[in-house]
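These protein sequences, in sequence, are chains A and B. Heads up, the first sequence is in my numbering, so the first residue is 45 and it goes up one at a time. Heads up, the second sequence is in my numbering, so the first residue is 45 and it goes up one at a time.
Hint data in this document are derived by calculation from the structure and do not stem from the laboratory. Keep in mind that the hints are not guaranteed to be accurate.
Note that the list lumps identical chains together, so a pair holds whenever it fits in one copy or between two copies.
Below are the EDC-like pairs computed for lysine to aspartate or glutamate, each with C-alpha atoms no more than 16 Å apart in a straight line [claimed, not checked]:
hint, residue 1, residue 2
1, K378, E393
2, K69, D390
3, K104, E209
4, K212, E102
5, K378, E169
6, K92, D284
Here is how the chains run, residue by residue.
Number of protein chains: 2
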Amino acid sequence: MRRFQKLSIPVFPMTDRKKITPLSKLGEFGLIGHLTKDFKIHQASTVKGVGDDAAVVEYKGKKMLITTDLLVEGIHFNLVYTPLKHLGYKSVIVNLSDVYAMNGHPRQVLVSLALSAKFSVEAVEQLYEGIRMACEKYKVDLVGGDTTTSLTGLTISVVAMGEVEKGKLVYRNTARVNDLICVSGDLGAAYMGLQLLERERKVFNESGEGIQPDLTGYDYILGRQLKPEARKDIVESLHDHQIVPGAMIDLSDGLSSDLIHICRQSALGCRIFQDRIPMADETGRAAREMNIEPFIAALNGGEDYELLFTIPLNQHDEVRKIKDISVIGHITEKGAGMKFVTVQGDEIELQAQGWDSFGDEQSASGI
Amino acid sequence: MRRFQKLSIPVFPMTDRKKITPLSKLGEFGLIGHLTKDFKIHQASTVKGVGDDAAVVEYKGKKMLITTDLLVEGIHFNLVYTPLKHLGYKSVIVNLSDVYAMNGHPRQVLVSLALSAKFSVEAVEQLYEGIRMACEKYKVDLVGGDTTTSLTGLTISVVAMGEVEKGKLVYRNTARVNDLICVSGDLGAAYMGLQLLERERKVFNESGEGIQPDLTGYDYILGRQLKPEARKDIVESLHDHQIVPGAMIDLSDGLSSDLIHICRQSALGCRIFQDRIPMADETGRAAREMNIEPFIAALNGGEDYELLFTIPLNQHDEVRKIKDISVIGHITEKGAGMKFVTVQGDEIELQAQGWDSFGDEQSASGI
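Pulled out of the complex, with its shape left as it was, chain A reads as follows (with noise of 0.2 Å):
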């Protein structure tokens, strides 16, 4: 079969038995400047990078944003089928996304990794080359971090700052009645591309050694889910066209948690259609192969970061000047509630069941 050249998924499982250092030949600080010497200076607000007690930032009367979020191994990636290099690149964009859905431009990151002793020094390695790379792609600055180990297993903390221009700063809740409800992208694609992969894994195991997982033409849907983007496009396009967002907040937990923070917070309600919902003719395929109703992965799946906003009605056809925006549905009074409103024209109540962190059963969504 065919291998999964463009992303690079190495064949499960995915240990490179190469080259091994343990990582006590480096040693904490040694690993840390090691790892970092690749690791250029972007932002002009960078004063002092990694190698003091703390990073130094200067933001001249600008607002600053403060995001982090915690990776946990066997909770929000699975490293038999999630390499390395993807992982970091994630873990920083997961952050960014964050960022972007306040309306700001992130500037700097910090990375703190808890490694057990099955991380050898090029495996670390690799991590970092994926954080170089999304460092790289949104010109941040990694500033610092802390590096230590762990009894079992990788966690990874990844802190971002940005800042925002005056009057840009959206929260999530500030929506007002009868805004449009706009989300950029596709959605649900990073959740079936966790279907599959976690579908191969299992045909894998099962199956005993040697038998590869079949991952052919669902490059999309994989791509999404090992290797996201964060919408900094999005959000300079808004500011290109003078829109600020009545509301925003980034797509991590699924469109239907999503959007009731945002209506929660606002204290209204919405409806959203199904018809408008953006989704990628990959993603319905699998979803129909998988036995999953596509719409149900749109709603819940999670993990997509695109940006989910609202907009004043008279922005309308500002709006569709914007490339890769869908107008999905509109804010309504609190007395409305929030609702789906299917092809069939039925309404349905929309749910939070994206992400539980601390429910029984773990959600498949990731972050």
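Use these hints to put chain B onto chain A, whose structure you have.
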């Protein structure tokens, strides 16, 4: 035997079985809201705290400091003898200490937790009570974080942000030849506190249930281990006396390792003297009781969270006016090496023997 009242360390095992609410009962957002509802906002620079994609802070033209530390169960703390309230307190303090070590003032913190199923809502409440106490005492605002599950144990990731006045920023690499080397407080106590707790844990484990640990007469060293403070007062006193240190670092890895950081990064040497090293009577008594050379505890113990800094010779008289600062030696040319001079006049080369996260054997020292 006497219970250790002052710090209210519970008897071993410490799990409180009075009331147990599973985390799943609240869910992630419910839990965060529940835990953070009693946190007050102290800082004018805090624009938006918990509850959106990112926190918002605003510093008008001032340099900002950002630092983060990861605390991992089984590596940095043992819950058998670490009350969760103390752990929450300490997890904030170790980060504030990094901000003070840059001669700055902490303003905000973010706290992320990865929790396994063994933790109840009541347990996490205890942890947050300690976090809240530290925020209250140091007047810092909790503005965000992330809460998720883990497969095993507890991981705490804290980020601290602060600011520093113009011209007051102090790095590690800016020591100058002939600078005096100063240290606040006394050293080795936290390390001896940990040795005592570890000894009693072993006695408890070997003796069967019911035999309580004997911690009598060691309030000070136990307090230094379980509830350290950050030296806000020293940073304020230096400011009041118009002393800007040449270089500064906080003592987390141990005097020896941390002084080596200053010397190496400044490309200089040093000479410190055994009879100048400040040590509490109780530390020396505990060390002798446990057959540990007291000065070894002071040099290599770590977790003191005292400030180690250098000042120009001509500020000697001024620094002597500040309570609780000891002058322990001076900075030399690089060629003179990094020397510890014993009371007998022997010169020993300083060695980094503090916390090595990746050593084959784990150091007894903590964070």
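Hint by hint, here is what the structure shows:
| no. | hint | result |
| --- | --- | --- |
| 1 | K378 - E393 | within (13 Å within a copy, 71 Å between copies) |
| 2 | K69 - D390 | neither (63 Å within a copy, 31 Å between copies) |
| 3 | K104 - E209 | both (11 Å within a copy, 14 Å between copies) |
| 4 | K212 - E102 | between (19 Å within a copy, 14 Å between copies) |
| 5 | K378 - E169 | neither (50 Å within a copy, 33 Å between copies) |
| 6 | K92 - D284 | neither (32 Å within a copy, 26 Å between copies) |
Comparing the model with each earlier hint shows violations of hints 2, 5 and 6; every other hint is respected.
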